[in-house]
Every structure is written in structure tokens, then in C-alpha cells.
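Let the hints inform the model, and build the full structure from the sequences given.
Here UniProt numbering is used: the first residue of the sequence shown is 1, the next is one more, and so on.
A hint or two may mislead.
What the hints assert, rightly or not - Straight-line alpha carbon distances no greater than 20 Å define the calculated SDA-like cross-link-like pairs of lysine to any residue that follow:
(1) K865 - S909
(2) K835 - S909
(3) K358 - H323
(4) K920 - W945
(5) K636 - M513
(6) K989 - S909
(7) K903 - E939
I should point out that these hints are in silico values taken from the structure, not numbers from a laboratory.
No experiment lies behind these values; they were computed from the predicted model shown.
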Amino acid sequence: MIADAFVSKLLDGLAVLVKDEVAKLLGVTDEIARLQETFQTVKAVLADAERKKIQSEATNDWLKKLKDVMYDADDILDECRIEAEKSEVAASGPRPCSNSFVRMPVFKKMRFTHQIGSRIRKLNHRLEDIFVEKSKFDIQLSSTGHDDHQSTSHVSRMTSSVPEPDIVGSNIEKDIGKLVELLTKEDTRENILAYAIVGIGGIGKTTLARRIFNDERITSNFPTRLWVCVSKDFEETSLLKEIITQAKQDPRGASSRAQLEPMVREVVTNKKFLLVLDDSWDQKVWNDLLQNPLQSGATGSRILVTTRNEGVASQMKAVAPHHKVQLLSAEDGWTLLRKKVVLSGEEREIDHLKDIGKEIVEKCGRLPLAIKTIGGVLSTKSRNKKDWKIVLKTLSNNAWSSLTNFPKEVRPVLFVSYDDLPSHLKQCFLYCSLFPEDYGFRRRDLIYYWISEGFIHEEDLTLEELGENYYGDLVQRSFLQPDPSFPDGSLCTVHDLLWSLAQFLAQDENLVMKDGVELVPSSSSSLKARRLRGSVAEGKRQAFIDALQGHNSLRTLMLRLEGSQVEENDVNNLIKKTPRLRVLNLAGSKIIKLPDSLGNLIHLRYLNLSWCPISELPESVGNLVNLQFLMLFVCKNLRSLPKGIGNLRNLRCLDLFATELEGLPTEIANLHRLNTLRNFVVGKNNSSSGWCTLEELRHLKELQVLEIYMLERASDVGEVGGPNALRDMLQLEVLHLSCAPYRVDDDGQVCHYGEEEIKRIEEVFEVTLRPPSSSHLESLTIYGFFGLQYPSWMASSGTDLLFSELRRLELLLCQTCRQLPPLGKLPNLDYLRIKFAYAVQRIGTEFLGQEQGGRIQTPFPKLTKLIFEDMDNWEEWEWEVKDDDRLMALPNLKELTLFECGKLRSLPSGLAHHATTLTKLQIRCCSSIKAVGGFSSVEELEISWSPNLEGISDLPSLKTLMLRDPKMRSLPRWFHRGQPNFPPLNKLKIEASDQLLRGCLKDGLDWPKIEDIPYVYARNEYGSRYISKSPSAFGTNLNDYVEDEHTYPTFSLCNEMDFYKEFEEFGR
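What follows is the structure, encoded as C-alpha cells:
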């Protein structure tokens, strides 16, 4: 907790008590006023005290005492609010009293009044005694008028959460080329060779390794690429599991080294792989753990190690000389600093600050991480010499350089960047210290934790919107680093040096688990621990619960209880020891039943029981009136929720994804603050069963994310022609509408819906589910709709107005609709996926939105990705755009995928003429297509399981070609670089039979066809045999097999297409 941020929250809470007259009713008006006054006085010195605690142990001890009082004050204020809200929920009658506290039973009110008044008076005495001690320390008053919640970034600086890669340096490309050549060249010294990148922390080792890992020369040479982060205190089993997962396999519940090692051996057997061991601190990770199981890899496999210690590289027998990353030059350092301060194209605005900037670079030691974090500081300052000189002076302050109790690997300049953060961002960043080094944070989870701990206070924006801003500010300042694998910035990490800094600064409040049982404070602090994260083995569960004794002030507990079954009594004992929790995450624990005592966690804001095999929630969950986030996804045994769920008036997110509920209680309608509801299940039978119908949805007006399932039931409960359930959801951004595409009769037989059922589901979609006209809908998915035609709101002339902000649209398993809506009208549609549209035989100009006599407009003006899948009866794709030379359809299309469209005879010629930005074309299982050509901009083409293709032509930009067909015994006849108009390929990927692979050997029949292609990678469908060719190397494991021998993995290898297909489905 950052004291000056937390005291603002307390003052706000006290003000509410006074405003709502709760203080008066408690009989402690004077005490509350006294508490307010003291906290207001304390607030003025807290910023300076937080800064000086690093240099003064006495100041730090004083601050710890103060924080303990503040935490206790927060608990008391929370209890006052809780009692008031409980009374409000319990109140009945048409004209309840305006003040909920008055409605408490008289004896209960007297007892509560006495207790709370006494506690507040004691709190005042403690606070005043502590404040008197302030005079012993050199703590200065700070301005109280500063708005600590203002945006931290320069007005023109903030853009996306994902910044451009911070790659600078005149030698970076040379270094990449040199290391790529070393990794790919033939070397017969050993089966597997290791290479090392060495350098001090924050110098850019990981950045360099990531560039190498993604280099096309590497992807062509290494069919299997694995990347694992090796933290200082890595767990063997976790690292082995990560390697298995990276190889697209499932550890399948294996939990011991003895179980996991054979699986690691299997996933690399006879495969040429590259394994990056990032941030290795000890040679044991290779010598003792990975070396043996990885020896089964094919010749030419490589290990790339990044480490701060050259001795580690030598002990791992990395090939010498090791690559040593150098500090940036002053000029390159200035270039990096400038990139962090201003947006691309605005560099000239700060050229007049170059001299000062170079001095700052030198003070950062020309270290990239330090330069980036200081760049984040400067991005919030005015672009003048005065402000930049202040930052330079701060960096030059010897006080920072003389800090003796800092972790030795953390440079003081990083603390300067941290110290510049506003208080609300400091505590959000420090919360990350609770997680392991190199942990991948999901943006949504992190924001929910921040809200639950009280780090975010609702203002003009919602809590979630403010959380998004905080997340973006920390990214912009380089305290959070977006994972490049997630373009939307939804996953991030913390650099290990910054993580060490956070660990040091938060050590007073975090508990550390030792040997899976013993709980020890991170420091020798007298401050009560507030947070704990870890896992507990089955045999050590009771010892762990016993160790919780004396730690009843925990506010966050994230715990994985290992074992085949967790007893109700274990959870009960855990709850008794942690009564002040705000965050409780037990996801993945094998909890069968939850105790009623769960309802005693009255301060709880966040509860995660996902992946737990619970069959029910106790009715007492209704007592958790402060709960804001309830996560119950993939609870496979959970069939219903208790009616008490309706008491959770503060609930903001109810996530039931992939939880097989029979329905939801009607009390859900009471959750007026709900903004995310995943898996709203329309109840069975009739409304007398107590299940929710679509009618209850009308009360949830704040929803932003809504997923509705089992909509076929809506036509059975009298909802046809009823009022629009979505009419008032003006904040709606994501909408998922799902029906079961078939019905099951009384005998359990799957059958089609009847005419009456089809008519009714059409009416439900037409009237009850029409999206609000003034919503901000960005994503719409319709699954299993069994009507014969789409609702008019998708096909009318006003579609473009209704969906003016729609960016993503998926029409899945709408198998009875014969014609697609005029989707070309949608002005901002970026992603369109149509799957299992079995009734569609023809797609014509109506799809583009070109109406007779209508206004001329560009069809699909912003669409970048278009996917047609499993269109079994689609035969014809007509293309005609109104005669206007200025009008180009699909002007921004980048990717087009056709999968399982077996009857489609050809691509329309007009498509190639219009889609002039198309760079990636995938054609899979389209057996009737005979020619592909005319696309001037396509750079990557995939032809899979389409044996009747007779040729490709007029693809002048094509660089990469992928051919897939396990039955393919030789390269197609049309594949020959001597053919007219055959594209100048740079890379060829093949998945085919062993016979074709042998034909691609240097003495094979197909060798002349591939000899001049720089990069070739071919494998069989199992991935067990391969050929890899680059300008500097040729590798194969075909010679390791006897001709008739068949070596297949003992557990099925999921091919690349299936993996990404399944991943995409799960993500959706």
C-alpha cells in the first residue's frame, strides 16, 4: 500500500459516512470528524515519508505503524457500509425509510453502535500518538492541491497499450545476422549445441533473443521452437510443463519430474528444435534438468541461453566465444529516449533537447531499460529545458547512488523512475510483486485485482475504464511490458529488474511460502502481512493452515490447493484464519464442496473458483455484499446458483464461461451494477421453475459484455413478441447469442427443429434480441441460429447505422439461412468469420451491400480479415461492384481464408482486382478450385488438401508458399520455377508423405524444383521426419530411419492448423 494514495480513499469513505448520516446514528460524529481532521493532516506529509523511507529506517518504521492504523480504519469503514447495505437488502415494504441504518433491529443496532464507536475512538488515540512522533523525523509538508489521479502522460503521447518494439542500435541487425548464422550452420560436433547471449540486466538480451527467435531464417530451419523463462528460483516441474505446452502438448495432469521428463523427451524426439532459455541464473537448468531428455532431438537442434553471468554460459558448455551485448552508444541511447518520449513523426519537437537528453542517457548508464523508464518520466513533462534539467538533477543526486539496502542488481535510476509515478500507479505496480518472476499478467485480471484492493476510485469514468488507463500508463512508462504474441496488449510481463525493485519495495506486506508450508515475511518488518500467493501440496495442507495463525490481516490470498480432493473442512479452516480478505483466488483447486463460512468473508471483493469441481455454491454467498467479481468459469459440475446471488448488489462481473448451468435464478435481475455476464443460460420449461428468462435481462442496463446461451428455450416460455430485452443496454460492447443447432427429443434422439419452432426463434431474434440503436457494440457472435433468414436488423438498409462501431462479427453454425446479410455496409468491420453456413450455395453482390438504386459506398471499407469455413454447399461466388472507378471493395483486406469449401469452383476475378492489399491467402480443403492467381499483393499462400489445383500464376509478390497434403507423393506438376509467371519464392513449407520428403533430398527427383529456393522446410504429417534447407545449411533426419520403420509419438501430436483452430475457438 502507498500511504498517500490510501489515505485519499479513507477520507472519501469518511466523507460518505458523514453525508449519509451514518456517523450521527452511530453516535460518533465527533470521533469521525476528529479522524477526518487527523487523516487530512497526515496526508500532507505522506508523500515525503514514502520517499524518505528508503533512506531512513526510522521513517520507515513510523510509516509502518501508520499503515497498520490505516488498514484497520479501512476495515471499520467497510463494516459500516456493509451493515447499511445489509439492512437495505433486507428492507421490505413499498415505502422503506431512506436511511438503511435506521432499519437495523434495535438490539443489533445498539450492540453494533457500541462496538464500532469504541473501535473508532481507539483508532483515534493510536493515530494521534503516531502522528506526534512525526516531529522526530525530517518529513516535509507537500502540496495538498495536487491531483494525483490525473493522466500521467503528455497530452499527445498516449495511444495504444502496445508500443512499437524498442529496437535501436547501429549493430543490432549485424548481431542478429551473426547469431542466426551460428544457429543455422551445419556443425557435427554434437547432436545439440548451445549458444549464449551474455550481458548485464536490462541491456537488451531478451529483446535480441526475441528478434532471433522470430527471424524467418530461424522459423524455416527449426520446425519446433520453444521459449521458456528461467527465473532465479525456478521450479523444475513448472519449467518442464512449460516446454511441453510450448510444443503444443498437454501435460495431462502430470505433476512430478519423473512423469514430465519422458513427455519432454517425446515432444522433441527426432525433431530439430530451438530452445531459448531466457534469463538463466544457474547451469543446473541445463546440466541437471534438461540435457538428458532433450538429447532425443534431431541433429542440428540448438539451445540459446541468455544470462547475466558468463560463468553460467561456460558451465552449460555454450559454444565460445559467447555473444556479449554492449551498452548503447550515446547516439543510439538518445534515439531510444526520443522514441519513448514522443510519438513517431514528432521527433523534431524535442531535437532542441538533444544535449540534455544525451546527459540523461549517460546518467542511465546507456542501459536500454533505464533509458526507457526515464523516457516514461520525460513523456509526462513539458518539452522544455527547465523540466528536463530537473530530471537530470534528480538523476545526479548522490542520495540515489548511495542507497545501501537496495538489491544489488537494481540500479538507483530505476527507483528514480518509480518515484516519479503518481501514488495510484505505484501501488498498482507493486501489486505485481506478488506474482513470480517472468509471470504473464492478463490485463483484465490485473485490473480486477487493483479494483478489489481499493487502488482504483470511481470518478467520471468507470472503475474498469480507469483501470485500463492505469494499465496503459504503466505500459507507456515501461513498468509493464506487453507480450508481442498478443497484439491487443492483453498480456504483459514485468522486467526482472523492475520485478526485483517491486519485491524490495513491497517486502513489508507480502508473505513468502517456504517449502510449501512455512510462511515467512519478506522482510523483518513489524507491519502485518497483507498478501500471499502460492500452492500447497496435499500432504502439507494442515501444516499450511496452522502456519496461517497470526496472519489474519491478509487482504489477498491466491492459493492452489494441490491434490485429488480438497475437503470442505480444509476450506472452512482457511476461511476462519483470513477474515479480512478482499481477494480470494482458489482457481484449479479440487474443491468438491464449499462451507457456509464462505459468507463470513464480508470484505471480499473478488472470488475465483474457476476450474473447481464444485457442484453448488452455499446460500451464504449472498452475504458477500461487497463482492464485485465472481469468477466461475469451467466449473463443470456446477448446475445452478443460489438465489442469494441476488443480494450481491455491487457485483460487476459474473463469469460463467463453459460452466454447464441448467439456468440462472431470477434474482439475477437485482444485479444492476453488472457490466460483464458470460453464459447467461435461458432456463428450461416455464417461468414457474424459478429460472431466468430473457425478461430479467431488461433490468441489467449497465452490461457491456453479454453472452446468452440456450436461446432455443426462449421460444418455449412465452417470450415471442415480448419487449426487447436489450433495448436499454446502451453500454453494450460485446454480444454473443447462441442456440443449440439441433433439438433432442424425449428418446434422446437428435433431430431438426419443426416449422413452428423455426418461426418462433426468428421472432425472438427479430424482436426480443434486437441490439439497442445507440449502443457501442464492437463484437457480435451468432451461433446455432436455426431460422431460415437472418433478422431484419442485420439485413435492412439501416444496418450500417445500427452497427456503426461494430469491428468483429462471427456467424457460426447458422446452417439454415440461405443468404448472407449485406455485411459490406458495415463501416468499421475489421474481422468477419462465417462458418458452417451449410444452406448457402451462392454469395452474390447482396453480400457487398450493393442495393439497386441505393447510394454508392465502398463495400467492407475497413475489413482486414475474412474467413469462410465449412461451407459444404457453397458453389458460386459472384462479384460485381457498381461501375465507379473510384470505388474499391475491400480496400484494406489483409487475410482471406477458405476452409472446407469443397464445391466452390473458383475465386471471383473481381476479388483480385479490388483486394489490392491482400497479403495472406489460405485455401484449405477446397477440392474444386483449379487455379489461383491475379493477386498482385499476396506474399503468403497456403494450399492444403486441395489436390485438384492445376496451377498458380500472376502472384508477383509471393514470398512464402505452404503446401499440405499427407497423400502428396511428389511436388505438383505446376510447381516449377521454370514455369511462366511462377513467383520468385523465398520460403517453401511442406507437409506431405515420407516419399515426397525423400524426393526433396539432394539426389531426389524434386530436388531441382527446390534447389534455388533459399528456405525450405518439409515434414510428414506427424512431424517426426523433416527436411530443413537454408543458404548455409541442409538438415534431415530421414537417414535415421529404416525404410519400413514407423516411429510415431506415443501421444498424438496436434498439428499446427488444429492447434490454432482449437485455440481460437477457446479464446472466442
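To see whether the hints hold, each was checked on the structure:
At most 20 Å may separate the alpha-carbon atoms for a hinted pair to count; K865 and S909 meet this at roughly 19 Å. Taking the CA atoms of K835 and S909, the gap is near 23 Å; set against the 20 Å cutoff, the hint is violated. Proposed proximity of K358 and H323 is contradicted: the alpha carbons are some 27 Å apart, above 20 Å. A distance of roughly 17 Å separates the Cα atoms of K920 and W945; the hinted pair therefore holds under the 20 Å criterion.
With a C-alpha separation of about 30 Å, the suggested pairing of K636 with M513 is violated against the 20 Å cut-off. For the hint pairing K989 with S909, the CA-to-CA distance comes to about 27 Å; that exceeds 20 Å, so the pair is violated. Under the criterion of a C-alpha separation no larger than 20 Å, the hint pairing K903 with E939 is inconsistent with the structure, at around 26 Å.
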